[in-house]
Amino acid sequence: MTSISPPATKVWWKEPIAKGELIWISVVVVWGIILTLMMPFWHIYGEQNLSSEAYRTTPENYMEKTQAMVDQYTIRKEGERQVPVVKPPAGIDIYMVGRLWEWWPILELKKDETYRLHVASIDWQHGFSLQPTNLNVQVLPGYDMVLTVTPNKTGKHTVVCNEYCGIGHHNMLGTIYVVE
Amino acid sequence: MNTNNDFRVCPDTGLKWHRPAERLMKLNAVAAVVFLLVGGFLGLGVGLTRWPEVHLLGPDTFYQVLTAHGINVLIFWIIFFEMAVLQFASSTLLGCRIATPKLGMVAFLMMVVGAILNNYAVLVVGNSSVMMTSYVPMPADTLFYVGLIVFAVGALINCFIFLGTLVIAKEEKTYEGSLPLVSFGALTACIIAIFTIASGAVILIPTLLWNLGFINNIDAGLYRLIWWAFGHSSQQINVAAQVSIWYAIAAILFGAKPLSEKVSRFAFLLYIAVLQLASAHHLLVDPGLSSEWKIFNTSYAMYLAVMASMVHGLTVPGSIEHAQRARGLTAGLFEWLRKAPWGNPVFSAMFISLVGFGVLGGITGVVMGTEQINLLVHNTLYVPGHFHATVVIGTTLTFMALTYWLVPIMFRRQLIMKKLASLQPWLFGIGMSGVALFLMGAGTLGVPRRHWDILFTSADGGYEFSAAALTMMSLNGMSVLLACFGGAAFCVIIVGSLLFGKKIGEDEKVGEAMIVPAVTDEEYATNKEPLTIPGTLAMVSVFFVAFALYYFINWKYLSETWGLS
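So the sequences go chain by chain: A and B.
Residue numbering for the first sequence follows this note's numbering, starting at 307 and increasing by one per position.
Residue numbering for the second sequence follows this note's numbering, starting at 129 and increasing by one per position.
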């Protein structure tokens with residue numbers, strides 16, 4: 307009797323389990339427990355944990371907050387489209403907008419300082435992918451997500467959009483400068 | 129009224145085929161291969177466009193082709209084939225008439241119509257390049273949603289026909305005792321499918337109403353939550369179906385019985401209880417969900433399910449080793465494996481699938497599904513890399529293995545081009561392993577998925593990925609060519625055999641052994657190994673060490689990125 311016919315013995319659930327199989331099952335159970343515990347462990351001892359902080363928002367409301375920050379802290383404008391470069395003081399709430407097809411505005415942050423970085427979309431879904439450090443979060447319309455970030459490397463960082471958002475998706479970039 | 133004329137007994141296997149069920153199986157299997165051919169061809173377009181030096185298609189066409197590639201292979205090819213598997217595991221394995229064959233025909237036609245409507249919206253109307261996930265608020269054509277819904281209703285009807293057939297088999301006592309393990313596994317796949325399709329209805333019907341203007345707004349976060357209850361669970365149908373087929377092939381080619389009915393069945397039950405609920409790992413970096421929610425919903429579910437797959441990963445090759453040792457292949461750790469029928473594509477496809485699914489797909493799935501590590505790979509090419517290992521090397525190659533066996537047994541045709549057939553699983557398996565590895569490598573280096581131009585030639589400011597990342601993309605392109613050659617070989621061999629293969633009469637034997645007699649208890653008693661299956665245990669030990677190393681290396685990577693709290 308094989309796997310394609312009914313079990314030979316009617317009370318198959320009473321048959322003993324082979325030793326080799328039992329050893330593997332024990333290893334697998336212990337490993338599953340370790341895998342599960344690693345996540346709360348990292349919340350306590352690790353330094354890279356996504357916060358659970360997020361708020362309902364609307365495009366108008368979110369743009370208003372972003373514009374206020376841009377008006378107050380813009381230090382220069384860059385590129386053909388004169389995108390404002392914003393250098394906010396450490397510790398405050400800063401904003402980045404995802405929209406078809408750009409991340410706006412450009413931010414300039416200080417290394418090893420901590421910021422409350424808000425990200426939200428004002429139209430479709432986007433993916434905030436910070437390169438080359440490689441940090442990726444999902445950005446949704448209607449949700450203002452707060453990431454408490456501490457940049458650890460200076461230089462130009464690019465924000466790539468990594469959630470497909472239509473025909474201009476591959477042109478959707480943003481910039482975050484990290485300075486000493 | 130059913131008469132004996134409605135059945136034929138297979139001269140090779142002794143299986144009792146109910147003709148109306150057999151007809152449905154043939155239709156579903158053929159439709160499956162047609163959609164594999166379409167979807168695979170579109171995949172070639174995707175691979176050649178993402179190869180930076182080739183960059184074949186323009187952006188409009190690329191996003192269109194990518195959408196259609198995903199839906200045709202991930203949904204249509206796989207679910208059509210699964211319908212045939214459900215019919216085989218109920219009607220044929222239990223020697224029972226299929227419930228409501230006419231309704232089965234209606235279901236099949238609905239699925240065909242749904243699949244065509246969806247493809248029409250994406251490829252002909254052309255306003256539905258929304259990817260398989262069709263995330264709101266990006267709109268698709270109304271027919272896009274209608275097609276998916278009609279297809280899903282057809283599949284749902286087939287699930288209930290499967291359950292009805294099990295009831296008839298019990299009632300008419302066509303088998304004694306418990307269901308065969310393979311039918312039991314198919315039953316878990318069917319239960320998961322019903323949950324999956326229900327979730328799909330809960331999200332796609334409101335989305336259709338939104339598309340038609342009856343609903344103002346669908347929350348993007350809510351859409352993702354429910355869509356993934358459908359999108360991920362549908363992959364669990366595949367896992368349950370493919371593992372069932374692994375057991376079936378171990379039985380067919382080796383006469384193997386499961387090491388322990390209890391363990392294997394319990395592992396299948398874990399799939400129903402937890403695996404299909406574990407869709408939360410798609411939402412690990414979404415706003416609006418707490419860390420507690422994310423951790424709970426990935427671990428209770430996912431890791432118990434991971435355990436189940438790791439158990440099958442031992443018991444399937446273990447049952448083969450057990451049977452081979454009982455037949456006298458006892459030398460060393462691996463004589464049983466060395467002397468397995470490697471020239472038979474049914475075996476080689478199944479075994480490559482088992483190893484590729486476990487090593488490439490399984491390990492990376494767990495790593496990616498860890499709350500914090502997901503920050504490193506979310507929406508990068510790592511994700512398609514992972515699921516090309518699970519769904520293509522795992523599910524698709526397994527279905528190919530079964531198809532090679534079904535051509536003579538069910539379609540009553542000799543396989544043509546047997547030399548090519550024995551090479552095909554290797555071409556496809558190695559090509560697709562390259563795809564999985566190089567996509568995951570590029571993803572680890574930050575390359576986004578679903579992206580037309582990672583050189584950013586037309587983007588303001590631009591960005592340069594590392595040379596290593598671009599090399600990975602070129603290597604991926606070459607692997608795609610090899611995999612497509614293997615996939616095309618499969619379609620040519622199967623379609624060619626169905627059209628031009630030598631016919632085998634109903635009472636005629638195929639000419640080679642199509643099913644190995646079951647290993648007897650006396651033969652099993654000759655295995656004096658203290659651990660019964662030392663070779664398999666050695667293999668899973670190597671697997672486990674690789675798993676643990678790779679898992680902790682990723683925590684190391686994570687510790688090097690920006691501080692985040």
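To be clear, the hints were calculated from the coordinates, so they are not data collected in a lab.
Treat the hints with caution; some may be incorrect.
Using 30 Å as the maximum straight-line C-alpha spacing, the simulated BS3-like pairs for lysine-lysine come out as follows [to be verified]: (1) A:320 <-> B:546; (2) A:316 <-> B:298; (3) B:656 <-> A:325; (4) B:656 <-> B:154; (5) A:320 <-> B:684; (6) B:301 <-> A:325; (7) B:301 <-> A:316; (8) A:462 <-> B:684; (9) A:371 <-> A:320; (10) B:298 <-> B:390.
Small disclaimer: the values here were computed from a predicted structure and weren't measured.
Going straight from one Cα to the other, do residue 656 of chain B and residue 154 of chain B come out at no more than 30 Å?
violated (44 Å)
Would you mind confirming whether the straight-line C-alpha gap from residue 320 of chain A to residue 546 of chain B stays at or under 30 Å?
violated (44 Å)
Holds or violated: are the alpha carbons of residue 301 of chain B and residue 316 of chain A at most 30 Å from each other?
Since the Cα atoms of residue 301 of chain B and residue 316 of chain A sit roughly 15 Å apart, the hinted pair holds (cutoff 30 Å).
If you draw a straight line from the CA of residue 462 of chain A to the CA of residue 684 of chain B, is it 30 Å or shorter?
Holds: residue 462 of chain A and residue 684 of chain B sit about 23 Å apart, inside 30 Å.
Given pair status - residue 684 of chain B, residue 320 of chain A, alpha carbons within 30 Å
Judged against 30 Å, a Cα distance of about 45 Å means the pair is violated.
Can you confirm whether the C-alpha distance between residue 301 of chain B and residue 325 of chain A stays at or below 30 Å?
violated (35 Å)
Going straight from one Cα to the other, do residue 298 of chain B and residue 390 of chain B come out at no more than 30 Å?
holds (21 Å)
Is residue 316 of chain A close enough to residue 298 of chain B, meaning Cα to Cα at most 30 Å?
It holds: about 15 Å lies between the C-alpha atoms, which stays within 30 Å.
Pairwise hint evaluation, residue 325 of chain A against residue 656 of chain B, where the allowed Cα distance is 30 Å at most:
With Cα atoms ~13 Å apart, residue 656 of chain B and residue 325 of chain A stay inside 30 Å; holds.
Within 30 Å, alpha carbon to alpha carbon, are residue 371 of chain A and residue 320 of chain A?
This hinted pair is violated, its Cα atoms lying about 67 Å apart.
Comparing the model with each earlier hint shows violations of hints 1, 4, 5, 6 and 9; every other hint is respected.
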